[in-house]
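Participant: Here is how the chains run, residue by residue.
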Amino acid sequence: MDGSSNGPSNGLSNRRHLIIVGALTLIVTVIVALLLRNVQLFQPPASTQAGPIDALMAAELLIIAFLFALIVVFMIYSVVVFRRKPGEDGDGVHFHGNTKLEITWTIIPLVVVLVLGFFAAQGLADVTRAADNELKVEVIAQQFAFRFNYPDQGIENSTELVLPVDQPLHLYITAVDVIHDFWVPEFRVKQDAVPGLVRELRLTPNKLGEYKVRCDELCGILHHQMLANVRVVEQSEFDSWVNGKVAEAAAGPQLSEAAQRGQELTVSTGCTACHNVTGEAGGIGPTWKGVFGHETELADGSTVTADEAYIKNSILNPNAQVVAGYPSNVMPQTYADQLTDEQINDIVEYIKSLGSE
Amino acid sequence: MSRVKTLTSLGIVRGFAAGFAGWAIGYGLVTILRVMMGLEVSWLPMTTQGAPTEPAMVVGALFGVIGFMLGVGAMSDWLKWAQGQETPLHHGPPQDRPAWTRWFGVDYSHKIIGVQYAVTGVILLLVAGTLAIMFRFELMAPGLSTLSTDASGAPATSWFYTAISAHGIIMIASILLGVGGMSNYLVPLMIGASDMAFPRLNAFAYWINVPGATLVVLAMFLGGWDTGWTGYPPLSAQAPLGVQFFFLGVFFIGLSSILGSINIIVTTLRMRAPGMSMFRMPIFVWAAFATAIIQLTATQLIGLSFLMVLIQRLMGMGFFDPRVAALGIATIEQMPPADRWVGGGNPILFQHLFWFYSHPAVYIFILPGLGIISELLPVFARKPLFGYKWIAMSSMAIALVGFLVWAHHMFVSGMNYYLRVPFMYSTLLVAVPTGVKFFSWVGTLWQGKIDLKTPMLFTLGAISVFLIGGLTGPPLGTVTTDLNLHDTYYVVGHFHATMFGGFVFPFFAALYYWYPKVTGKMYNERLGQLHFSLMLPAFYVMSLGQIWVGMMGMRRRIADYGPELGIAGGQMAVTIAALVIAVSVLIMLYNLIVSARRGTVAVANPWRSRGLEWQVPSPIPEVSYATTPMVVGEPYDYGLAGSTYVRMAPAMTGGD
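Quick mapping for you: the protein sequence lines, in order, are chains A and B. Following numbering that gives the first Met the number 0 from start to finish, the first sequence increments by one per residue and tops out at 356. Following numbering that gives the first Met the number 0 from start to finish, the second sequence increments by one per residue and tops out at 655.
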């Protein structure tokens, strides 16, 4: 190999090059940092936990902007300024390394990551800290819906999460089948819902509004659709909602004993996570309100009357007569093994009691 | 030789034939046993959920893999040894069949095996890439498209979840094969060895990938699976039949990793040319060596964790089954206090076992590519590699620290909270040796005489893309910010950037760089530059787009999202970018395939490299080094007048 050009390239001294490239690096850092600050990167924050999380993220983005600029500017500068011209045959300047530099760029990053870790640990303590007077909410996840209990208010199986603003929450999270995850992007924090384990999450929503809980651990073919509505409201509105739910539960329709047992079964086996009794459309499964005796269109185009036999068959063979517009292979097929004949009859009685058309 | 005779003489054809027979035998055996035990059977395979043929299918698949390996001939020499027969190692193409047939069966030359690895890797890349294009079509706009709804308008998304699961694992297999291709082809050449230490093991390690990958691809058609490539139970314990083929396929692909790594380690330690101390080896060999150490010691854990779920399904074991339903628990009141187990198996245990391999695995994916970057920069900048020893040691450091960070994938999993901070610190620590590499690359370019040929373009592109990947890591490694970013598309953006920067771009650089040495022809430089100028900007759009939509609240592994997140534009950009990348890869394939026939004949050393393999003719003769090379200097002393790296024997014979 010929060893010409052992002197500085392009007539500039090494120091000159470094000054220019250093200045360019600073300029690009500022540009990238400004860009990152002026583009919307996250949904607007709606919890106190978002404070430390977003602040740490902003600091990290600044470091990222600098390091990106550092490497890319040096690289592009080199490719432009130290380019081999056509016809040139020589080699680059011959140096093997620089031990001082190596030690410097090992120690400095080491210190930076340790400092970052320290502040991150502080931030983690901030966002997981318990508060006084927390509102207890239980989150039970299943394929493919969430249910919420407010044990101290006596509310069970709400399908929407209504929360008073600025009230610290203590969430108890679990699942009944596979791993799910509780996450509201605006609240930032999330926690996997693991069957067999109850996990806690601290959360204080601090902005009125409507949000969605989004299951954030792949849980099956309708994972994308596993959502729940969240409403953060004033304390007074929360109180009236609570009163309304309690009254609704107490003043339910007069049920026969069989229908009563059936109603309890539909809660404990999870039916009501997907089938509502209020008549709302758009749930994972068809509503039960008024279903008994109703002319029902099936996915295969045929029409059937929803009599006792149909309702029973829907429990024992969920995929046999799927209602049009609803997916098959979602309702668990284990009820035939899980429930006795008497239990199934009780459930049918309960569904009948929800009115007929 | 007649057409039919030639075809049926091919190892791969015999392999598949014997594999099918093996499957039938396994299936039949289990079905007969079940009949004798009075259990439900079906003589024809069923793929519907909960079908009674699952045990027969799984054992059939196992026998099928064994059958394939017997049929392709990967075990024939060892079986002969067991009978006391000698098996001299045959060098060169088969005598009684056309020369091209050697590519389609067992061949013991590391150069052939290296190309077999690389070509198979590219084929799997195309399969996985096609799956990605398919599901990106679904994701380009909110709302389910007709691909994901049935006649009555209900969601029919199981194909989507199978597609993303298959995309993930087939890409991983493709990367492992690409890594195997580079290591196998280059390591013996770079150290002046005639071949690997164990040529028959080498061939076996390549060929086991074929039935393994076949099982994974078949899984898509045998019921599919909805768990993602991570296969977490309890979901995987109740998933369709496809998940078992996925588990078994990965088991055998993993076996290939382990066996191949043995060869790399022994060859590197024992077969270097005289004068080649460890610190005079080409830097890529250090990278391959560090990678092999990880492969040898970590892969067992994914085999184990997958095997446990496979057996939990087949035999009702409770490894990861919390038995909530069986215990009649439906409300939190019935559960033990928070942070206590209800009893039964532990789903989180799976995650620990799985990620104990799968985190080091990502370093398997990127260390060789980073080694390629270090290898090519000195050649195209005409200067020594800056800080060679530090770079070599940084690969070893990354390999070591990589074993200490796995639970950063589990910060929100429900594992013990106190584990989170230690794993955060260990995760952030990996940035230090990685930073050493980046700074050293800049040092190598500084004051160089840089030539922007296609391999160099991809090398520089790799550095900038891997930089994005690396820099998006700390927000995930930091628990506090990970609470928001975990399982969002931000993670998808992060790992695509690290995978493209650490493997895809360097692998393409390597394909272009060594193409003249392997084929004796030159690829088309114009098309190479076109490939690059389409792929780099498109990749930036795709990666930054994925990162952005993830920060805005897009979860990963979802078939659909709502318009309220405001990310539809970003999603469209990501899909279009993916299409552009696909087109650019097709341009590369066209270039490489056509140039093999119509390209200009390449000189032996078009890059004026000091490396050993460039001092022999192109294509390399059957016996790479007619006489043993003598290493007398440093590998990267470009610019030092009169310096020599290696002294080859004076008289070189060309060709075979």
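No lab work stands behind these hints, which were simulated from the structure alone. Remember, predicted model here, so these are calculated numbers, not experimental data. Some clues are possibly wrong.
[Said to hold, decoys possible] Take a look, some chain A residues computed to stay more than 10 Å from chain B by CB distance:
{"id": "1", "residue": "R36"}
{"id": "2", "residue": "K189"}
{"id": "3", "residue": "V232"}
{"id": "4", "residue": "S235"}
{"id": "5", "residue": "A250"}
{"id": "6", "residue": "T302"}
{"id": "7", "residue": "E307"}
{"id": "8", "residue": "N312"}
{"id": "9", "residue": "I314"}
{"id": "10", "residue": "N316"}
{"id": "11", "residue": "Q342"}
[What the hints assert, rightly or not] Derived pair list, reagent style DSS-like, types lysine-lysine, alpha-carbon separation capped at 25 Å:
{"id": "12", "chain 1": "A", "residue 1": "K99", "chain 2": "B", "residue 2": "K388"}
{"id": "13", "chain 1": "A", "residue 1": "K135", "chain 2": "A", "residue 2": "K99"}
{"id": "14", "chain 1": "B", "residue 1": "K388", "chain 2": "A", "residue 2": "K84"}
{"id": "15", "chain 1": "A", "residue 1": "K211", "chain 2": "A", "residue 2": "K244"}
{"id": "16", "chain 1": "B", "residue 1": "K452", "chain 2": "B", "residue 2": "K520"}
{"id": "17", "chain 1": "A", "residue 1": "K244", "chain 2": "A", "residue 2": "K135"}
Ideal placement from N, C-alpha and C gives every residue a C-beta, glycine not left out.
Participant: Looking at A:R36 again, its CB stays over 10 Å from all of chain B?
Facilitator: holds, 13 Å
Participant: Sort out whether B:K388 lies within 25 Å of A:K99, counting only the CA atoms.
Facilitator: Status holds; Cα separation ~14 Å.
Participant: Is the Cβ of A:T302 farther than 10 Å from every Cβ of chain B?
Facilitator: Label holds. Min Cβ-Cβ 13 Å, cutoff 10 Å.
Participant: In terms of Cβ atoms, is chain B entirely out of 10 Å range of A:S235?
Facilitator: The claim holds: A:S235 sits with its nearest Cβ about 27 Å from chain B, beyond 10 Å.
Participant: Going by Cβ atoms, does A:N316 stay more than 10 Å from chain B at every point?
Facilitator: For A:N316, whose nearest Cβ neighbour in chain B is about 13 Å away, the distance exceeds 10 Å, so it holds.
Participant: Taking 25 Å as the top limit, are the C-alpha atoms of B:K452 and B:K520 close enough?
Facilitator: holds, 16 Å
Participant: Examine each Cβ of chain B, and state whether all of them lie more than 10 Å from the Cβ of A:K189.
Facilitator: violated, 5 Å
Participant: Does A:N312 clear chain B by more than 10 Å, comparing its Cβ with all Cβ atoms of that chain?
Facilitator: holds, 18 Å
Participant: Could you let me know if the closest chain B CB is still more than 10 Å away from the CB of A:V232?
Facilitator: Given a closest Cβ separation of 19 Å, the condition holds.
Participant: Given the hint that A:K211 pairs with A:K244, test it: the Cα-Cα distance must not exceed 25 Å.
Facilitator: Measuring from Cα to Cα gives roughly 20 Å; hence the hint holds.
Participant: Checking a non-interface call: every C-beta of chain B should be farther than 10 Å from the C-beta of A:A250. Is that right?
Facilitator: holds, 23 Å
Participant: Taking C-beta pairs only, is A:E307 more than 10 Å away from all of chain B?
Facilitator: holds, 25 Å
The structure fails hints 2, 13, 14 (numbered hints given earlier, in ascending order).
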